[in-house]
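Chemist: Residues per chain are reported as follows:
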Amino acid sequence: MIELTDVSKVFTLTKDQRKIVGESKLRPKSFTAVDSISFKCESGSVFALIGPNGSGKTTTLRMIATMISPTSGTIKINDKDVSIDGRLARKSIGFMTNQTALYDRLSPYEMVKYFADLNSMDKSSFDKRCKDIFDRLNMNTFANKRIGTLSSGMKQKTSIARTIIHDPDIIVFDEPTTGLDVMTSRSIIELIRNSKDEKKTIIFSSHRMEEVQSLADDIGVIYNGKLIFSGSKVEFESLSDSNSYDDTLINLIDNS
Amino acid sequence: MSIIVSIFKKELIDVLRDRRTLMFMVVIPILITPLLVIGSIKFQEYQNKKSEQKILKIAYINESEDSLTKQLLSDQKGVKIIEGVPIDSIESYIKSDSLQGALYLGEGFLKKIKTNSSGDVKIYYKSSDLMSKSKKRMQAALDIYKEKIIAERLKQLNVDGQILEPISITDVDMATAKETLGKAIGGFIPYVLVMFIFLGAMYPAIDLGAGEKERGSLETLLSSPATKFEITMGKLLVVSLTGIVSGLVSVLGISSSLFFIDKIPVQIQETILELINPFMISSIIILMIPIAIFFASMLLSISFYARSFKEAQSLMGPLNIVIIVPLFLSLGPGMEMDHATALMPLINVGLLTKEILAGSVELIYFIETLFSLLFCAAIGIWFSVFWFKKENTIFRV
Chain B
1 MIELTDVSKV FTLTKDQRKI VGESKLRPKS FTAVDSISFK CESGSVFALI
51 GPNGSGKTTT LRMIATMISP TSGTIKINDK DVSIDGRLAR KSIGFMTNQT
101 ALYDRLSPYE MVKYFADLNS MDKSSFDKRC KDIFDRLNMN TFANKRIGTL
151 SSGMKQKTSI ARTIIHDPDI IVFDEPTTGL DVMTSRSIIE LIRNSKDEKK
201 TIIFSSHRME EVQSLADDIG VIYNGKLIFS GSKVEFESLS DSNSYDDTLI
251 NLIDNS
Chain H
1 MSIIVSIFKK ELIDVLRDRR TLMFMVVIPI LITPLLVIGS IKFQEYQNKK
51 SEQKILKIAY INESEDSLTK QLLSDQKGVK IIEGVPIDSI ESYIKSDSLQ
101 GALYLGEGFL KKIKTNSSGD VKIYYKSSDL MSKSKKRMQA ALDIYKEKII
151 AERLKQLNVD GQILEPISIT DVDMATAKET LGKAIGGFIP YVLVMFIFLG
201 AMYPAIDLGA GEKERGSLET LLSSPATKFE ITMGKLLVVS LTGIVSGLVS
251 VLGISSSLFF IDKIPVQIQE TILELINPFM ISSIIILMIP IAIFFASMLL
301 SISFYARSFK EAQSLMGPLN IVIIVPLFLS LGPGMEMDHA TALMPLINVG
351 LLTKEILAGS VELIYFIETL FSLLFCAAIG IWFSVFWFKK ENTIFRV
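These protein sequences, in sequence, are chains B and H. At position 58 of the first sequence (counting the first as 1) the number is 58 in my numbering, and the numbers step up by one without a gap. At position 136 of the second sequence (counting the first as 1) the number is 136 in my numbering, and the numbers step up by one without a gap.
The hints are simulated quantities; they were obtained by calculation from the structure and are not laboratory data. Being a predicted model, the structure only gives us computed values, none of them experimental. Treat the hints with caution; some may be incorrect.
Pairs of lysine-lysine residues, derived as DSSO-like cross-links and limited to a Cα-Cα distance of at most 27 Å, are as follows [to be verified]: (1) H:K228 <-> B:K80; (2) H:K9 <-> B:K123; (3) B:K19 <-> H:K9; (4) B:K76 <-> B:K226; (5) B:K80 <-> H:K9; (6) B:K19 <-> B:K123; (7) H:K390 <-> B:K76; (8) B:K128 <-> H:K9.
Estimated spans, in silico, between C-beta atoms of each pair [what the hints assert, rightly or not]: (9) B:R186 <-> H:L12: 29 to 39 Å; (10) H:V27 <-> B:K80: 30 to 40 Å; (11) H:K42 <-> B:G179: 53 to 63 Å; (12) B:T149 <-> H:G334: 57 to 67 Å; (13) B:D79 <-> H:K389: 19 to 29 Å; (14) H:F386 <-> B:E42: 33 to 43 Å; (15) B:T149 <-> H:P345: 39 to 49 Å.
Covered stretches of chain B (in silico footprint by chain H; criterion: 3 or more residues with CB under 8 Å from a CB of chain H, positions within the stretch not fixed) [what the hints assert, rightly or not]: (16) 5-15; (17) 62-69; (18) 111-120.
Just so it is clear, CB atoms sit at the ideal spot from N, CA and C, and this is done for glycine as well.
The task is simple: from the sequences and hints, build the whole structure.
Modeler: Structure representation (structure tokens):
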């Protein structure tokens, strides 16, 4: 379970960034990327975080994954405050973006083993889990080839295996299908569905409303750092007469 | 600790499979340093030979009745005397290299010599022409002339020539061949060593910092249970190791190249073998470790800051100068190892390496140098960890 309470993130702007953001005399020294947001993602459910570019989705997901710290507020993972023990929180998290984020000179096996080692998995648990994942994703034929030589589909499978090797309770996806072809996107959507069946907590950000419609149980809409909607899929659909999620999102933003 | 080891192992495998890193770490130092040494020695030999063999055209303008100077000048090897050149054309001929020099004896030169006063001679040459030895050859002819005249004058006065040599000096050089050679090549070795530690560490540092950012894998790594301290340390160890290997390979390259130079006498080769002893090797390695850690921490910090591979490369470029300047200073005249210079980073490396190679290193200076380098390495580690922990560095936009 993930729980955010009054979470804010304020970035200090550099001199150059201030020039871009503000007027000449009123240049702000900081920028509030996330402004006092609160929501909860329950185990076994899928939470979709949506909103336009630059609204604060990635910052929120990075705070959940403890890559960056909130300026104020509390984030709890499985009822434990991540600011107290970040390492423990990260042990229960699998993080994935649309970039495969792999090392070309390693093999899929070495890549997955590396993340298992970082998660302090013992050898027998790793061997069992690795065999299971590689069989399930049909990765055995290319397990020992260099990643740089693999097709994009094979790379995506490797990225999935890397994300779930330590069997995390929580999986965070930051725009996982952006820029990917249909076949590769499908493997990620399947991962989200399978993870939900395994009663994991899933949070993902996306611009693809058809994905949100088919996968999400709960939806959060973030705009200019503020959470302007948080509720179930049914509640989100009831906000507008239109069947289109795009229209509902645009209406929400226009009325905020 | 086990996470640092895991990161170290993974990064090492990754780096060793990278052709560009291997190129910078092993191939370039092992090929470039011998080429540099052999090439510069051969080039110097060639230039010297060419300059010795070059026939110099020297204008001889004599407005007196003296004939001895012309004869002495023509006795000089590689001199062709040109007569009849007007004095006011000398400058333009020398500038255009039609002439390499000119010797001018003014009116009344011989008369002054005969009346026991000083005859005026002007020698014209271009000091910027390094290949030309015209001044040296004209000077040599005039020196012989001078000696002859002095001898004649003393004879006339019935004075023994010994009167002009009140002191008889005998050189007794107490330096061993090892010391002389050590001090001579000792200036060159730290320069190559430090540069190759830097170059060997540079490419892996870019790849493990800015490269990871570009690939997006840094974000994934940060979401793993590894702390920022562990990630920095794992990467730092690999970058330091590549720097050390590169430095060692370059020294090996220099040492081996000395045996391929055919004109090095056996005695010098034996001295070189004497220089390469376990004490020298272990001392150099001990010095290399903190230098490599310091460079690795600085390079990694820049790499973490850079948005891309290309930006990291351009940010690291000026660092070369920062490294070269202190090493250059250590070669300067009057730069000696003392308690102050032993604490100046890189200057101390230059000075201490000379002492190590000459076999005259004092333990206190070695300890002081090591302390100063370890201090820099510790500051470097602290800074790179601090820098990596800054969100503005890692997620810089």
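Chemist: Taking 8 Å as the Cβ threshold, is the statement that the region 5-15 of chain B is covered by chain H upheld or broken by the three-residue rule?
Modeler: holds (count 3)
Chemist: Given the hinted pair K390 (chain H) and K76 (chain B), is their alpha-carbon gap at most 27 Å?
Modeler: holds (22 Å)
Chemist: Tell me if the beta carbons of D79 (chain B) and K389 (chain H) are separated by a distance inside 19 to 29 Å.
Modeler: holds (27 Å)
Chemist: Would you check the hint for K19 (chain B) and K123 (chain B), treating anything up to 27 Å between C-alpha atoms as holding?
Modeler: violated (53 Å)
Chemist: Could you tell me whether the CB distance from T149 (chain B) to P345 (chain H) stays inside 39 to 49 Å?
Modeler: holds (44 Å)
Chemist: Regarding the pair K80 (chain B) and K9 (chain H), is the alpha-carbon distance no greater than 27 Å?
Modeler: violated (32 Å)
Chemist: Quick check: does the Cβ-Cβ distance between K42 (chain H) and G179 (chain B) fall within 53 to 63 Å?
Modeler: Distance hint for K42 (chain H), G179 (chain B) holds at roughly 56 Å.
Chemist: Is 30 to 40 Å right for how far apart the beta carbons of V27 (chain H) and K80 (chain B) are?
Modeler: violated (51 Å)
Chemist: K228 (chain H) and K80 (chain B) were given as a pair; does the straight-line alpha-carbon distance stay at or below 27 Å?
Modeler: holds (21 Å)
Chemist: If I claimed the Cβ atoms of T149 (chain B) and G334 (chain H) lie 57 to 67 Å apart, would that claim hold in this structure?
Modeler: With a Cβ separation near 59 Å, T149 (chain B) and G334 (chain H) satisfy 57 to 67 Å, so the hint holds.
Chemist: Sort out whether K226 (chain B) lies within 27 Å of K76 (chain B), counting only the CA atoms.
Modeler: holds (19 Å)
Chemist: Does 33 to 43 Å hold as the CB distance between F386 (chain H) and E42 (chain B), or does it fail?
Modeler: holds (38 Å)
Figure legend: structure checked against the earlier numbered hints; hints not met, in rising order: 3, 5, 6, 10.
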